[in-house]
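Read top to bottom, the protein sequences are chains L and A. Take the first sequence: its position 65, counting from 1, is numbered 65 in my numbering, and each next residue is one higher. Take the second sequence: its position 177, counting from 1, is numbered 177 in my numbering, and each next residue is one higher.
Simulated from the structure, these hints should not be mistaken for laboratory data. Hints may contain errors.
Since the list gives no way to pick one copy over another, a pair counts as held whenever it fits inside one copy or between any two copies.
With a Cα cut of at most 27 Å, we get these calculated DSSO-like pairs of lysine-lysine [what the hints assert, rightly or not]: (1) Lys336 / Lys316; (2) Lys484 / Lys527; (3) Lys346 / Lys25; (4) Lys336 / Lys25; (5) Lys304 / Lys493; (6) Lys396 / Lys131; (7) Lys522 / Lys493; (8) Lys304 / Lys497.
Please read these numbers as outputs of a predicted model, since none were measured by experiment.
Number of protein chains: 2
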Amino acid sequence: MPTYDYQLLLKRLLEHGIRWYPEQKIYYRDQWEYTYTEMYQRVLRLGAALKALGVGVGTKVGVIEWDSHRYLEMYFGIPGIGAVLHTINPRLAPADLAYTVIHAEDEIIIFHEDFLPLVEKLAPQLTSVRKYILITDKETPPETPLTDLDYETWINSVMPLEDLPDLPETTQATLAYTTGTTGKPKGVSFNHRQLVLHSLAGASALGILGDNGGLTKYDVYMPLTPMFHVHAWGVPYVSTMVGLKQIYPGRYEPQMLLKLILTHKVTFSHCVPTILQMIVNAPGIEQYDLSNWKVIIGGARLTKGLAKRARDLGIKVSAGYGMSETAPILTLAMLKPYMAEWDEEKQLDYLIKTGVPIPLVDLRIVNEAGEDVPHDGQEKGEIVVRTPWLTPGYYKDPERSEQLWRGGWLHTGDVAVMDQHGFVQIVDRLKDVIKSGGEWISSLELENLLSLHPGVQEAAVIGVPDPQWDERPLAIIVPKEDYKGKLDAEVLKDHLKKYADEGVITKWAIPERYEFVESLPKTSVGKIDKKVLRAEFAQA
Amino acid sequence: MPTYDYQLLLKRLLEHGIRWYPEQKIYYRDQWEYTYTEMYQRVLRLGAALKALGVGVGTKVGVIEWDSHRYLEMYFGIPGIGAVLHTINPRLAPADLAYTVIHAEDEIIIFHEDFLPLVEKLAPQLTSVRKYILITDKETPPETPLTDLDYETWINSVMPLEDLPDLPETTQATLAYTTGTTGKPKGVSFNHRQLVLHSLAGASALGILGDNGGLTKYDVYMPLTPMFHVHAWGVPYVSTMVGLKQIYPGRYEPQMLLKLILTHKVTFSHCVPTILQMIVNAPGIEQYDLSNWKVIIGGARLTKGLAKRARDLGIKVSAGYGMSETAPILTLAMLKPYMAEWDEEKQLDYLIKTGVPIPLVDLRIVNEAGEDVPHDGQEKGEIVVRTPWLTPGYYKDPERSEQLWRGGWLHTGDVAVMDQHGFVQIVDRLKDVIKSGGEWISSLELENLLSLHPGVQEAAVIGVPDPQWDERPLAIIVPKEDYKGKLDAEVLKDHLKKYADEGVITKWAIPERYEFVESLPKTSVGKIDKKVLRAEFAQA
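With the hints as extra help, turn the sequences into a complete structure.
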């Protein structure tokens with residue numbers, strides 16, 4: 001049969017954006033602007049420039065760059081010729097960053113000059129790298145023995161490709177590394193088909209199910225989740241497909257972000273709570289009109305306090321959830337149609353939840369036997385998923401891949417409840433949850449409630465072995481300066497008992513043991529290091 | 001690797017609808033209502049009932065039914081177990097209808113009692129059919145020697161399946177027959193993957209790029225294009241995926257349609273111009289508020305007159321385009337963001353055009369050499385397409401399949417222009433276009449312009465062989481009663497010359513020859529039969 005075997009390729013998203021609105025604009029800070037048509041030409045140049053360097057199907061190309069129009073070009077241009085875009089996380093410890101480049105076998109590294117000292121230092125170890133390309137925002141790039149090529153000169157030195165080639169849709173498109181608290185970084189990878197389906201399902205959800213009218217062709221998009229972090233949640237692909245005006249902010253600097261939001265009337269972003277916090281706390285923020293700005297929050301829990309502060313400024317916030325292994329979107333907090341009648345306060349309670357699965361996401365919350373827990377908002381289980389956009393495993397790591405995918409479901413390691421409205425709420429990480437007498441007790445929940453006591457500076461809760469109940473919770477408390485010596489177990493038990501009486505937690509969750517310390521051990525990214533705490537306190 | 005191989009199956013759309021809004025309602029006329037959850041249970045019963053009859057992967061199940069909740073169940077339930085839903089067009093001539101059942105080798109026929117006399121008459125020829133199932137809207141089904149099973153009894157006689165099975169996404173899901181003016185009906189078929197991608201791309205377009213805020217979760221959907229006609233344009237699948245309230249109107253009766261639109265506050269429909277005409281001409285229509293009703297018009301050209309009439313009633317109309325071979329959506333008339341500033345009149349001129357391709361539709365307009373014509377709104381060519389949802393050919397008809405797909409592009413047989421805004425406008429069918437001196441002259445355009453002369457009752461334009469120019473247009477005119485004997489070639493040439501002076505057509509398009517007749521020959525579906533005209537007038 002002569003029929004055309006249409007493959008789901010990233011270029012198809014780009015082609016639609018160009019066709020829909022060729023004159024639409026893309027901006028980079030206050031330094032650069034161009035049209036979709038011009039962007040496409042540069043993607044075709046990038047493809048040609050890569051080919052001229054001998055990059056072909058499967059070649060790994062590592063990128064270390066801030067959020068930029070160039071990164072967008074690389075999102076399409078590198079996978080566009082069948083090569084693999086390795087989005088390198090510059091926040092990794094240098095040794096880990098080197099590990100990822102070596103493990104990925106990157107042959108080309110394209111990096112922003114801000115990372116020149118780092119790359120120069122690591123280069124001797126990076127033996128797979130054949131060529132370095134420097135990105136600069138300045139007129140002349142800095143001198144370096146690493147390379148004589150900068151991105152602009154490089155892509156302008158070739159004739160653009162006629163178009164991007166057809167490839168099998170299962171061609172690997174991207175590679176990224178994720179770090180846990182233990183072990184080496186793990187590589188997750190996605191192919192063209194997966195990213196196209198992620199974009200289409202994401203677009204369907206954002207456009208039809210989203211709140212405040214959903215995403216529309218009139219929206220102006222600016223990512224505030226770095227593009228080196230799981231495809232900036234895939235939204236640059238969605239935004240390009242539907243031809244949105246796009247703003248890329250470079251390195252995140254509060255004043256620049258705010259300036260761009262206001263100048264370009266940005267209406268749609270996504271970020272972690274910390275970035276939103278930074279913006280809502282910017283001096284003089286009250287004088288600006290942010291009432292057209294929709295922001296999806298992920299990466300960590302959106303607290304009601306932060307959500308309210310943002311709401312008071314007019315910002316339309318809601319939560320979302322996903323992880324590096326899942327491309328990333330799994331759920332978005334979107335109000336069901338009947339919730340439109342609820343009062344704003346109750347709506348906000350739902351908009352800050354983990355959310356509801358988007359189309360094509362088959363999400364279950366299961367107990368240790370792999371059975372679905374009741375959808376009562378109480379019973380806890382691990383989130384396991386099937387969607388068409390999950391990493392097939394960890395790159396060159398069959399053992400941890402097997403573990404990730406046991407039983408044919410991707411295990412997120414997140415512990416959650418689901419309520420009768422179908423809303424998921426994450427309550428803990430599986431490794432932190434305390435398994436006691438057949439129940440799962442959320443360490444996060446206890447930590448949150450303990451922090452509400454006026455005398456508590458910081459709290460960590462871990463499970464410690466218990467001969468009768470397997471585990472029991474132990475609370476480790478840093479008291480506030482003026483409460484030192486005044487806090488004791490009885491005070492905190494009484495404090496938690498109030499919440500148990502209100503039904504927020506079960507009585508069973510209240511720890512018997514409390515330890516008071518000067519400070520809590522932290523990991524390199526500033527999270528409480530429970531491994532250290534467990535080593536110290538696990539023996540009763 | 002233990003990873004789950006996620007296939008794009010229709011059940012995934014249904015599962016999302018259920019998950020999103022299990023209590024959402026579906027209505028059938030004023031006779032039936034139930035929730036998505038109940039619908040899903042009936043889909044699972046239908047699957048079990050089919051299996052009990054020995055229906056398996058690839059078995060063809062023919063359905064003759066009006067638009068109903070039952071048809072929606074069959075949209076999911078029949079392909080859901082791997083069988084093929086043959087949507088039978090009851091408007092076919094009985095001999096053609098019998099041909100399609102025989103050609104498809106349908107083993108089961110599920111039909112509405114309105115078609116009982118027809119089915120009883122044809123049954124003796126339908127030797128592949130093992131079982132007939134009767135659908136009735138009444139308490140007791142009519143007696144017939146054909147069958148003792150009615151749909152309700154049938155699906156209630158089994159235990160529902162636990163869930164719909166996993167299948168390869170390339171499993172055939174639907175089969176339908178399309179008629180041309182010549183030859184036997186042609187079978188077009190679509191698999192699960194195609195229909196899922198059609199739904200996702202359609203949802204992305206309708207939700208984000210659509211006008212008046214686009215499709216949202218608050219919309220109420222009622223099809224007005226029959227479900228036996230290319231999946232009711234695929235919208236029942238989209239609507240179910242995003243959990244819309246849905247209204248199925250049964251047999252189209254103007255009073256019932258209007259009642260349902262008003263009672264259920266329908267906000268989203270699609271239909272051919274004739275149905276819209278019927279509604280806007282309903283007596284007393286002005287007294288109703290139709291200002292929340294968005295209607296997409298396809299199947300034939302949306303004239304400005306009809307669009308304005310609808311607009312005056314508050315209805316939000318726009319055009320769309322597709323065909324049986326294309327699942328069907330190819331284009332939708334959606335305003336580009338910059339057109340928001342245009343005045344309403346100019347916007348309407350664009351909303352009634354054929355439209356712009358939706359995501360994943362690669363659409364070209366090519367001349368006879370297969371080269372793209374300039375996008376100048378003038379030069380004509382044939383629309384050829386590639387999308388992931390095109391029929392792989394005509395069922396059991398390799399010769400016409402080869403013709404349809406020549407050169408690896410699906411040939412629509414529609415002649416169109418594309419303007420600088422990327423809007424497609426169909427101007428003719430390829431078989432009717434007149435090829436003269438290297439130019440393509442649109443017969444449709446000439447017919448439209450000729451009809452604007454006060455003395456013209458009806459006009460047909462055909463190409464007749466010309467030794468110098470290959471073909472030249474010949475106009476065949478039915479004069480109005482009081483103009484008989486008064487119309488002549490010179491009058492009509494002058495009439496057309498005005499439009500040539502205004503640039504609406506080229507001078508070259510004006511026919512030299514005019515024939516005046518009492519009436520025009522028509523096909524069985526009421527279209528002008530140009531084959532007959534060509535046979536009569538082609539010899540100069």
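Hints and how they fare:
Proximity of lysine 336 and lysine 316 under a CA criterion of 27 Å is satisfied in both settings, with 16 Å inside one chain copy and 25 Å between copies. Proximity of lysine 484 and lysine 527 under a CA criterion of 27 Å is satisfied intra-copy only: 23 Å inside one chain copy versus 92 Å between copies. Within a single copy, lysine 346 and lysine 25 get their C-alpha atoms only as close as 38 Å, which misses the 27 Å cut-off; across copies the closest is 24 Å, which meets it. For the homomeric pair lysine 336 and lysine 25, the shortest alpha-carbon distance between copies (14 Å) is at most 27 Å, but the shortest distance inside one copy (34 Å) is not.
For the homomeric pair lysine 304 and lysine 493, the shortest alpha-carbon distance inside one copy (24 Å) is at most 27 Å, but the shortest distance between copies (74 Å) is not. In the homo-oligomer, the alpha carbons of lysine 396 and lysine 131 lie at most 27 Å apart inside one protomer (24 Å), although the nearest pairing across protomers, at 54 Å, exceeds that limit. In this assembly of identical chains, lysine 522 and lysine 493 lie within 27 Å of each other by CA distance solely inside one copy; the values are 26 Å within and 88 Å between copies. For the homomeric pair lysine 304 and lysine 497, the shortest alpha-carbon distance inside one copy (22 Å) is at most 27 Å, but the shortest distance between copies (71 Å) is not.
This entry satisfies every hint, going by the numbered hints stated previously.
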